[in-house]
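Peer 1: For reference, the chains in residue letters:
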Amino acid sequence: MEIIVCAKQIVDVSDIKIDDKTNEPILKGVDDKISDIDKNAVEEGIKIKDELGGNLTVLLVGPSEATENIKELLAMGADRAVMVPWDGSSSYDVVSKIIAGAIEKIGDHDLILCGEASLDLFSGQTGPRIAALLDLPQITYAQSLDAEDEKIVGHKDVGGKVVSIESTYPVLVTVTKEINEPRLPSLMDILGASNKPMDVWDAESLVSDDLQPGLETVEIKGVPMERKKIVFHDDLDESIEKVVEKLAKEGVLG
Amino acid sequence: MVLVYSEDKDITLELLSKGSELTESLDEELSAVLIGEDDPDQYIRHGADNVFVVKTDQETFKAEEYSDILVELMKEGEDEVLLLGADKNGQELAPRVASKLDTGCVSECTALYVENEDIITERVIYSGKALAVERFDSKPAVVTVPPKLFDPLPEDEERSGELIEKEIEVSPYPSKIVDIKEKESVGVDVESAETIVSCGRGFDNKEDIEIAQELANNFEGNAVGCSRPISADLNWLPEEHWIGLSGHKVKPRLYIAVGISGQIQHIAGIRDSDIILAINKDEDALIFESADYGIVGDLYEVLPKLIEAVKEKKT
Amino acid sequence: MNFELTDNQKMIENMVREFAEKEIEPVADELDKESKYPTEILEKMAPLGLLGIMIPEKYGGAGLDAVSFAIVIEEISKKCAATGVVTEVHNSLVSWPIIEYGTEEQKEKYLSILAKGEEIGAFAGTEPNAGSDLGSMETTAELDGDHYVINGQKTFITSGSEAGVLIVFAKTDKEKGHRGISAFLVESDMDGFQVGDIYDKMGINANHVSELFFDDMKVPKENLLGEEGDGYKIALSALDRGRIGIAAQAIGIAQRALEESVEYSQQREQFGRPISKFQAIQWKLADMATRIEAARLLVYRSAMAEDKGGNVSKYAAMAKLFASELAVDAANEAIQIHGGYGYTDEYVVERLYRDAKITEIYEGTSEVQKMVVSRDLLR
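Residue numbers (my numbering), protein chains in the order written: chain A, 0 to 253; chain B, 583 to 897; chain C, 715 to 1093.
Calculated from the structure, these hints are not laboratory results. Every value quoted in this text rests on a predicted model; they were computed, and no experiment measured them. Some hints could be false.
Unchecked claim - Straight-line C-alpha distance at most 30 Å; calculated DSSO-like pairs for lysine-lysine:
# : chain 1 : residue 1 : chain 2 : residue 2
1 : A       : 150       : B       : 833
2 : B       : 788       : B       : 711
3 : A       : 176       : B       : 711
4 : A       : 241       : B       : 896
5 : A       : 48        : C       : 1084
6 : C       : 1071      : C       : 1084
7 : B       : 863       : A       : 241
8 : B       : 833       : B       : 896
Same shape as in the complex, but just chain A:
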């Protein structure tokens, strides 16, 4: 079983503060890390590898300093890492093309695992985009997986129902954080990670297309953490009607 896990380096969102004056998020000095759910994907990959045998490669497209964080995934149990330094557009269309190109260069792949989404932006686009580019079937938002030699079944929660999807290999699967508890590498694992191979590939060599992003970020502005403090204290029926109206507008009645 040849398993590839795609991982992303993100900023630690819980550390982000909003600048009072400019109303922009302050990213300077914020720690970076591997997106948490990607570690669930690595953990699931290790489990499947342990059961069915094979190789696990972690693939990361992102800032060149990310090599530091990839080592953690090697320490967890990946056999090999491929790092594609990329400081260009982080638009999903661009990044997924580079990832797909790297997967093709890696060659054999039975199972491609991704986190359902990255914790910074939480779009969940990368997995399905890679599947589309490689023309693979996709199982998204898997909360549990039953992998066998010839096929894999993923179970996901769709509107209160559990939907089970089966596919032969090759297939792309995205997993949720409920699927497992990622292991912590031991001190010995951490020391051993330095001896595992890490390839660094040039992004331009992987993609023939021009990498024109389909989306441009115009502005990122802070969302005031202040609560709205809209309190209704007159007629009760009227208050309730207004509140329900507000909640519906906030999109939280769903």
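Given chain A, put chains B and C in place with the hints provided.
Peer 2: What follows is chains B and C alone, placed relative to chain A:
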């Protein structure tokens, strides 16, 4: 053309409402896509200029085949916008379609508008701390829209439009749905709940917590929580429900604090909630300082009415 | 000269931080309130290698440096200082002397048990009448054929009631003062070994600190660590390493006090704004942060003296002196910042305050540290 699709009818109607606003700014037609069996005319009555009625062998939604259908429909390359629902199905469909069309995609937008002929979207990032404003530089603009973000247009019996039947064959993928079953209910997990109704000292006795549960039952992924006294002092609810600094820290989309005074220790546990609604009979209660919306009133009067109002709004 | 941790050290820091957040933080309050020994935490630490940090790989340890050891102790102590000291004693006071002075047989037998966490280690030096002044120790060991017979008592022994492997110091020659002290590897199931009272303490409640009694305890001759009369030297050099760990523990406490204060001061509003907007609070935070950074550099300095060769005694004494006083001050200021709430058990700063004080006392009081430093200056 602006195309809207969701396999959820209610979401489709909401998308049509937003879509008709866009078509006005863009001077385009609004089309709904219907895959499978349903009444296409309702979409016309809710704002669609025409409806593509797609006949296919595919029995239920599957992202791979459905995205091929949408791609086939859009192959002329003249479409400006594709709006999809931001439910689980739409979320896996949208990026797949966008990738096949080699275009950009925005997931779960909170706002969508046209500015200088560009399609602009806003969405929440960094766990709700920031808003990203993005501009499409590609066509069509694929956007998923969360349920209930927009209200459907009122039904207009007079409206007419064209039903365009499409027969689209797509080759099946080597994946299939093998089982769909109702989910078993699990123990309370306030930390991953989407909606929490939380009880405080305003409740007179243990049995009344049932009313909070009744309100919670109207929401998916709900849980009943409580403040420290209810769990630690009165033992009305086990510790799993206790929210606060020493209890659980929660981050639901909606937190409803009922009869909770709002001590800082409790607030520390609910800071990351998206929206906080507080119900308290004391209008000076601290909780209103930390809430987005508040209702001043006796919870025994407020809750039954609120339950009715929520039920009504959701149907 | 380099102030950056290596990639591996950073990874170790991340790993232990995550471990402590997941496995220690949720139970720390309960362990403290109920004075429960952190048995389950230690069981989870063992497979991660955290009970054999400096033990060579051939005995099942990680074979890491003292800087990594300090990192581990700081991160654990941030969430539970009691678990921090248990880990510190096991890794430094007990494992280190065996690594340094043990015979191959002793290493194979005891280091592998300690590295795997099959037994926790304790260091039995202090006696009712021999604290800072080890030379006045009264416990005796007499050679009788192939055994030593040990009689006496020890007190204030970290993990004393829980440990399976102990280094016990006893006089093999009563006439020679501290030169008559020898060190023995003792197993808690040896005949004549008895645990006395477990103390009710002010803080670090999860660490069980007890009295030990030895009543004609027979210890095989081959369990003598080093030579007869090496005990004092072994104890002092072990305490040098231990002090690096206690300093790291103190920094863990101080760092937590700072983090809690930063968070609370931004949330707590008085006079219509967060108290973090008041200069009185800002200065406290700035002072704390500055001293923590200085203390950490001093700890790394002493750990590097250990790793790269240097005057470990002096730097470890300086680090422990500075860091332990900082821990007490930082916890004190943290309570001040938290106001009345900080004085209740609702906030962790109350526990930090109780836990901090002992760092100025055990493994050599601040006064002893000053003696060590000044002795180096005035020799």
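Peer 1: Determine for every hint whether it applies to the structure shown.
Peer 2: Hint by hint, here is what the structure shows:
1. A:150 - B:833: violated (37 Å)
2. B:788 - B:711: This hinted pair is violated, its Cα atoms lying about 37 Å apart.
3. A:176 - B:711: holds (21 Å)
4. A:241 - B:896: holds (15 Å)
5. A:48 - C:1084: violated (56 Å)
6. C:1071 - C:1084: holds (17 Å)
7. B:863 - A:241: holds (18 Å)
8. B:833 - B:896: holds (23 Å)
The structure is inconsistent with the numbered hints 1, 2, 5, although it conforms to all the rest.
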